[in-house]
Structures are given as C-alpha cells and as structure tokens.
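Top to bottom, those sequences are chains P and A. Oh and the first sequence: position 211 is 211 in the working numbering, straight run, nothing missing. Oh and the second sequence: position 16 is 16 in the working numbering, straight run, nothing missing.
Rather than coming from a laboratory, the hints here were simulated on the basis of the structure. Be careful, since some hints might not be right.
Think about it this way: if two alpha-carbon atoms lie no more than 20 Å apart in a straight line, the pair counts; the simulated EDC-like pairs of lysine to aspartate or glutamate are [to be verified]:
| id | chain 1 | residue 1 | chain 2 | residue 2 |
| --- | --- | --- | --- | --- |
| 1 | A | Lys191 | A | Asp123 |
| 2 | P | Lys70 | A | Glu196 |
| 3 | P | Lys70 | A | Glu193 |
| 4 | A | Lys250 | A | Asp49 |
| 5 | A | Lys190 | P | Glu125 |
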Amino acid sequence: MKIQPQDATATPRLLEVADLTVKFALRKGTLPAVSGVSFNLGPGERLGLVGESGAGKSVTGFAILNLIAKPGFIESGQVLFEGRNLTALPEDKLREVRGDRISMIFQDPMMTLNPVLTVGTQMIETLKAHRDISDKQAEAIALEKLRKVYIPSPEKRLAQYPHEFSGGMRQRIVIAIALLTNPALIIADEPTTALDVTIQAEIMDLLLELCRTENMGLILITHDLAVVSQVTQKIAVMYAGRIIEMGLTQEIISNPLHPYTQGLIRALPQSGSGRGARLEQIPGIMPSLYNIPKGCAFNPRCPKKCAICSDETPALLSRGSGSLVACHCV
Amino acid sequence: MALLARLRESYLLHSFLRDPVAVGSFIVVVLLVTAGFLAPVLAPMNPYDPAQIDVMDSELAPAWIDQDSSFLLGTDSQGRDILSTILYGTRVSVLIGLGAVALQAALGIGIGLISGYAGGRVDAVLMRVADVQLSFSTYMVAIFLGAIFQATFGVGRYEQIAVPFLIAVIGLAEWPQYARTVRASVLAEKKKEYVEAARVIGLPSGRIMWRHILPNTMTPVMVISTVQVANAIMSEAALSFIGLGMPVTKPSLGSLIKSGFEYIFSGAWWITLFPGVVLVLLILTINLLGDWMRDFLNPKLYKS
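When you get a sec, could you build the whole thing from the sequences and use the hints?
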C-alpha cells in the first residue's frame, strides 16, 4: 500500500518521512510498531504527533534519528532530512546529524542529564562533539543558550550539577542543550509530562517562542491534545502504529473526521458544558502489538463500524476538507 | 582549594567524623601505611643490608623482657631487628596490595564496561572467560605460575622480581570481581535516559561508555576496591607463608610470619606474633573502612 501524502506544491521540505515501517523482532514473531507512516515538515513548521500510549509515536521519533534499539529495526521507508536519507546513512554520518541538525528532548529531565557531570561539562561536550571549537568558545555559546531559556545567573549555573536544579529548570537546561548547535529540527518526546501544570505551560511557551525566533521545525510527541492545539500548525493522530488522521491543527480540532479523533476530542473537558456533565470515553483499549485487529485497527472500538472495516485496512486519503483520513466510513 | 572547601562542607566528611570506628580505622591505616613507606627513615636498621646484621644478635627477646637486648621487639633467627623488618615488610605488603588491586581494577573495569555496554556475544564470551578465571583459585594460579617461574629462572632471579610477579599473579587472578560488578552496574545504567540522550546528541560509543556510564558505576567499585586491597594483602601473606611469595631476604609480613613460625616452639614467639598483629590490624582496619564506605554509599542499607 503506497500513500501519496499531501500536495507537492507546499513549502520546500525540511523533513520527508515516506512509508516508514519499524518492526520488533521478538520471540513471538516480528511485530510492527510503526506501519507505513508518511508525513512532511517544512522549515520552521510545527507538527504534533498525537496518540495513546503504544501508538508508535516515540518509536517514530527515534526512527527519524535512526536510533531504534534492538530488537527493533527499520524495515522499510525513507527519512529524507535536508536531502539526506537518514535510514541509509552510515553510523558516523548519522552522528553528524544527531544532536547537530536534529535535537531531541525527552520526558524526564532528571533522567536525561548525567547526574555526575556538571551542566557546563555536558553542554561543552555536546558542542565539541559537533564543532571544532575551544572550551572558551563553547562556554560562551552555552551561556548564550542558557540566557535564551531564561536561566538566571547562567555563569554560576554552569558549574552546578543536575540535582541542584528544580524540575522546570532542568527541562530548560535540556532545551538549552538541544539549542546549542542551532538545529533545524527539534523532536520533543512528551517534554512536559514529568512537570507540574504551571511549569508545563511555561515550558511549552518557551518551546513555541524558540521555534518562532530560531525558525526551527518541531515534532511534538504527546498524548495531550490541548497542548498540541496551542503549539503546532499540523497534527498527525496515530493509532496502533499508523497515522489515521492528519491535517491542519485548526481543522482537526474543530472538525475531526476519524471516529477515533472524534472520540479523543470529545474526551476533553469543554468549557461551557455545564456542571455534572460526564466526559465521554472511547470504550476498550488500544490493541497490543501482539494482536492488532485485521482490517482497520480501530474497528473493535469504533462506533461507526461497518462490514468492510474488519477486512480491509483503510488508506490515508483526502476527504475534501484538507485533512487526510484513514477510514472507510467518512 | 575549591575541592578542599567542598570536602569540608560535604556530607561525606560529616558522616565520616560521626563514626568513631571509621575514624579510628582510618587513623590506623594511615599510620601503618606511612610508617611502612617511611621505613628507611624510621627503622633502626636496614634489614636488607647484611653489613648491619649481626648473627650473634639472633633470636633476642624484646627489650622489655630481656634486659640485655637492645631491640624493642626482639630479633629474628638471622639477627634482624623485628621492628625494622615489620616496617619494611609492611611497605612490601601494602605495595603488592595496591599494585595488585590497580591491575585488577584496570583489567576488570575495562572488561566489565565493554561487556556490559556491548552485550550479546561479546558479553557472553567475556563473562565466560571471567567464570573460567574464577574457577581457578588465586592460590592455585599463584602456586602454578610461581613454581614454573622459580624452576625456569632460578630462585636468585626470582628474588629480584618477586614484587611485580606477585602483583601480576594476584591482579590476574582476581579481575573478574571487578568485571562482574562493573558489568552489573553498566547494565542498569545503560538503560537510563541520559545514555539515550547522549546517543541522540551524537556522541560516539566510546565516549558514552567512558565518560558518561563509567563515572556512574564508581560507587560499588570504590567499595570493592577497599575490600580487594585487604584481600590482596592477605593473598600475598598466604603465598609468602607457604613459601611462594616474598623471599626471606626481602620479607613481607607473610614471609616474616613464616620465618618465625619455625621458632615458635623454641620460645621465640615474638618473631611471628608482632608481624601477625600488624597484618591483622592492617586488614581489619581496611575492611572496617570498606564497611563504612558501603554503608555511606548505599543509603538503602540501614544500620540498626
């Protein structure tokens, strides 16, 4: 099944993911974690990858960097980034891209910083891995980036260890590290999940501001539709390893076409829905990789299920409104 | 200076000073080791220099027992001052202990790190090699190699290179202790996100291994290092006691105990007793320090 995503007349592309399939070779067989995922990103464009746990969002993020750990492997597909196919690049060339042109931000900032090295050491090390510069120059760049993420008195902070920072501050440090090399793309894998709500908003605002001022592309991996709707221009909704709906953020939030996306949006609390109104939920759970249903993976939970749904996997097609949807019944 | 100031404010120092056993052990270890290394300055005579030894002084009792004796802890069968031989012997024992542990650590940490990080077949092969190594006891390896060495090069040559030989034997026999400990820690550390983050940053594997993972595995390494120093000193003493360690002309604590052992029943108990006491004291205090360090570095262990 070939998917022809989007029109080619759009802006010049930063990232072009085409028909990406990632599988995991386990004892029970080879299981698909991501199947035939395709999307594009222009320079400075912000995309939200949305879905429940296990939908394949993070795997897609790692696959872009060609960093799938065994027993996983990229079975097919292309990741064209600035004209280079990352899935076919040798390891040493990949290292030039990772952390230089593409940076990644993870969920838990306590875990992503090495506890035994000072923040300064880790920043300088990152820079020196990619640039041929002296410690002094690297330190100057590190200071500049720390100021960009609004860390007060960065000179003092550079000599401190990760445990001397609060959670929100740590995530700022992580973002500053991601900014060091002026990447063209940042992949943020649930960057605010480990933080409390007020800090979440701060960090998201910061990310948005930085993407705008530095003209960076952003892939925001999250299960939080509210966050995505504030930050991104495009949304791709994933379910059981496939993109089931993709389009402009406004369009998808206001007019979701896929029953799953509709369910997700109805599950959000709406203002003005009155006290005591119950939130709707989607019955059932996401299928595990071991037994993805035949046909449309969503069909056992789908309220609009029809006969063809359990036989044939729907293709991701344009349905007139500008969004792409993979559903037989739209 | 900054490091010193940091130490003064640290919890490490605070916890150390509140534990009298640790402080006492530390003082004893430092005293014994400095006394050993200052032996040429402190010792009344040089037991390596035959010109200073008078056979007529042999087997004299300690000065506080025998009025005629001018030797504080008595003399051995060759007329060497026991105090001096203990000082020189401590130096030899500590040197071999530290040297052997340095070799064990270098080999074990390197192999453990590669084994844990690489995983798969490399890991399996290296760990089986470690298992094979552990299935030969230290003494067996030492006896085997020592016997071959003494037979090929003769006892005369052996005396000259006994120290590096013992370091090599004890070091080679015990490296799996380090390799296993480091490997276990690496397996736990490499799953953590900062390693993933380092890979995402584009750092090469070698750098991630040595600079990011290794420092995070140092806690257990510090604990086993203290215990291993004590073990290495004990191994050396045991080998010397059965005549495969340091020769009597360049005695370590073990060979001193052995040389006096033959005279115990003729009444010259001091030749064996004093080196024995020093050996026990040294090993006991090193182990007590190791215990304290383990308790300090592992907050999950509570002392009742």
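Results for each hint:
Simply put, lysine 191 of chain A and aspartate 123 of chain A have alpha-carbon atoms about 16 Å apart, close enough for the 20 Å limit, and the pair holds. Only pairs whose Cα atoms come within 20 Å are accepted, and lysine 70 of chain P paired with glutamate 196 of chain A is accepted, the gap being roughly 13 Å. Taken as a hint, the lysine 70 of chain P and glutamate 193 of chain A pair is honoured in the structure, with Cα atoms around 16 Å apart against an allowance of 20 Å. Restraint check for lysine 250 of chain A and aspartate 49 of chain A: satisfied, since their Cα atoms lie roughly 10 Å apart, inside the 20 Å limit.
Between lysine 190 of chain A and glutamate 125 of chain P, the direct Cα distance comes to roughly 19 Å. Compliance with the 20 Å bound is thereby established for this hinted pair.
Hint violations for this structure: none, all hints satisfied.
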